[in-house]
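**Q** Chain by chain, the residues run as shown.
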Amino acid sequence: MATRPFRVTRRRRETSDTWTLELEPVAGPPLDFLPGQFTMLYAFGIGEVPISICGERGGRLVHTVRAVGAVTEAICGSKPGSVLGVRGPFGRGWPVEEALGQDVVVVAGGIGLPPLRPVLYECLRRRREYGDIFLLYGSRTPADLVYRHEVERWRGRFDIEVDVTVDRGEDGWRGNVGVVPKLIASARFDPAAAVAMVCGPEVMMHFAAGALLERGVPPEQIYVSMERDMKCGLGWCGHCQLGPTLICRDGPVYGWTQIEPLLEVREL
Amino acid sequence: MTAQRTAVVGPDALEALVDALRTRGFRVLGPTVRDGAIVYDDLESASELPVGWTEAQDAATYRLARREDEARFGYAVGPHSWKQFLFPARIRLWRARRQNGGFEVEQEPYDEPPLALIGVRSCELHAVEVQDRVFLGGRHQDADYAARRQGLFVVAVNCFEPGGTCFCVSMGTGPKVEQGYDLALTEILEGEHRFLVEAGSERGLEVLAVLPRRAAADVDLDAAGRATAGAAERMGRTLDAFDLRGLLTRTLEHARWDDVASRCLTCGNCTLVCPTCFCSSVEDVTDLAGDHAERMRSWDSCFSLEHSYIHGGSIRTSGRSRYRQWLTHKFGTWHDQFGTSGCVGCGRCITWCPAAIDVTEELAALRAGEEVDDAND
Amino acid sequence: MRTIETLLADVPIFQGMSAEALELLSGCATNTRFADDAMLFREGDAANTFYVVRHGRVALETFVPARGPVTIETIDPGEVVGWSWLFQPHRWHFDARALGLVRATMFDAACLRTKCEQDPAFGYDLISRFTQVLIERLQWTRLRLLDVYGNGR
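Residue numbers (our numbering), protein chains in the order written: chain A, 1492 to 1759; chain B, 42 to 418; chain C, -12 to 140.
Honestly, the hints are just simulated from the structure, not real lab data.
Some chain A residues well away from chain B (every beta-carbon gap over 10 angstroms; in silico):
#1 Thr1506
#2 Glu1513
#3 Glu1547
#4 Leu1591
#5 Gly1592
#6 Ala1634
#7 Asp1650
#8 Val1653
#9 Ala1684
#10 Gly1707
#11 Pro1709
Some chain B residues judged to face chain A by a derived CB distance under 10 angstroms, without partners named:
#12 Ala137
#13 Val146
#14 Ser321
#15 Glu335
#16 His348
Within a straight-line C-alpha distance of at most 20 angstroms, the following computed DMTMM-like cross-link-like pairs (lysine to aspartate or glutamate) qualify:
#17 B:Lys217 with B:Asp259
#18 A:Lys1570 with B:Glu145
#19 B:Lys217 with B:Glu231
#20 A:Lys1570 with B:Asp332
#21 A:Lys1570 with A:Glu1505
#22 A:Lys1570 with A:Glu1513
We put the CB at the ideal spot given by N, CA and C, even for glycine.
Excised from the complex, chain A in its bound form (with noise of 0.2 angstroms):
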């Protein structure tokens, strides 16, 4: 599958070393996508990486891209008007079906918001479908909070409960300074009826899911975003492989059930 060029309409800095881009195709139909997806994201010559979706679907593609390699770095620090090569959508997406009627409890960390960010846009615009829903968000400091400025918005409406953490507080931080299994301890969702989308780094998630479950969530309607090498995205270079799935095809989005006895395995 060859990649299809997009070009960047919008950059934006979110951290010391995070950028989002806003792309939409050089020639063809726009990329239609559901929440918890990605693409392989092409700099010219340089390389690919699977990045999450993060924009509202029927808009333009949006990624948020850290820079921690060649490959990123050269992505980040492509300006308007550069063309990337795009393909996909590829993976399995978030539950945001069945999470209809339900509380949702969506639990961020670091540049996990990202890929989580299609759910909250989801869910805000069939607000009446779903029950309570939470945004429980932590980075490491108020410096590396993604989409600050969204966040605070969404903080001030009246339907949805926002709240943050971080690792390590700065000059002039009032919040909330301490880990994500912290807010989920203290949210006021429904555990019995609700449904949780955790996506950050694989210790954070665990500790997470190990707090939702502390709560009463049932394991069944937890859900986490995994990630792994991927080279091409479509179930043949190997290189995602965890155990018995493949996180480019059956993934990136598991049910903890399924993904919990994987990751006690070191080095699976």
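Please arrange chains B and C on chain A, whose structure you already have, making use of the hints.
**A** For chains B and C alone, kept in the frame of chain A given last:
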């Protein structure tokens, strides 16, 4: 006269077979002796077949030896498998060229002649089917694999001389070919040196019709049956393949993994010679001016550290975890991912492992270890 | 107006304590309030109290040279601030500052320590509950130590 699906040909007919395939536009590939082994390469004549050669194979051992007859297929399988032609070690996937402020992508065209494979063993035919599921059986089909697979002409061979590391019987993949071939040859050495030929398709029937042949008699059919039955009884290895998927799920932390890790060099030979291993990697390259880019796909191995690299480190850093990944995938999680076993019992991994690691031995040890643990509970 | 006793029954750390135990506790407790930016206690001072936050947020801080006060952790309503009162040398290890108006229940540590000695069963129960809080805080602190959001470089 109705076409006969079965016939008997002499060894000289193989030259006519190669000719018939070449004139029909196929690129003919088959076994030949080179570099001290029987490998697969282009065949211009049937004289290039390994006439009168055989192999002595065991764990970490491969030697060519001379036979006392002129058998064309008197051996099992060498280091090559057919995957190098259907899933080549390195290909270009697409090219891209900078222009108009962006770039244009050109899918790599496939304009090579269709392939005709001579000497495909039953285990190898099963291996092709296993890779079919990987590359063609999912939501996306690999275009390059599909193009190479298209029009593939298979001249299969029923084994009569199994190798020292063969265990196709245990895996249910041989030694007799069941389906998926255009022609199947069974070499008969008792009495007159001849081949029983069975057509498995209309194309095979059409090619058979142009070979010098005679009708197959009962004596031919019996001799052919004895040849393959004999092969089934002389397997170099056996394996209890019952519920390996379950076994490997339950024994992920077994002490045996430490044992094999102390021997495994993580050299990846097994993944290179295995006819079903499909892991690949991609490389994006440009010219010096940076105006032209290409994406190359090449074979990769789960034994390399880079295979599981993510976020500044590899998931599987220990050799133990990488060997475990390979074995549990091949015999266990392959079922979860693709609905079949990944192993066809060809024995190449045993022969070509420099540390003489034998997968049948490792799996037997895991199974025995589990039984001991159960007994101690 | 609710008594301290009824308020304490709702505090998670005291959940399930008997009426007698709650009475013992409330005997050592008074309600108190802190204005925005006021210090509940300072590092090094004698630790003769602990607090349960009822309203507002408390920041546990330490002073780092050239960086100034750094917030280690924030404590929310329903949570306990302070355990240095439990063990010698009974000195605070951190500063505690009110972020906004804070209303809290303040416990006299000396009073409670005496009651624990007089009633070992009560003392054991109290220590167990504090230990659980400590363990949870330790787990969370360890999680932060891992710096999971770092980019691995």
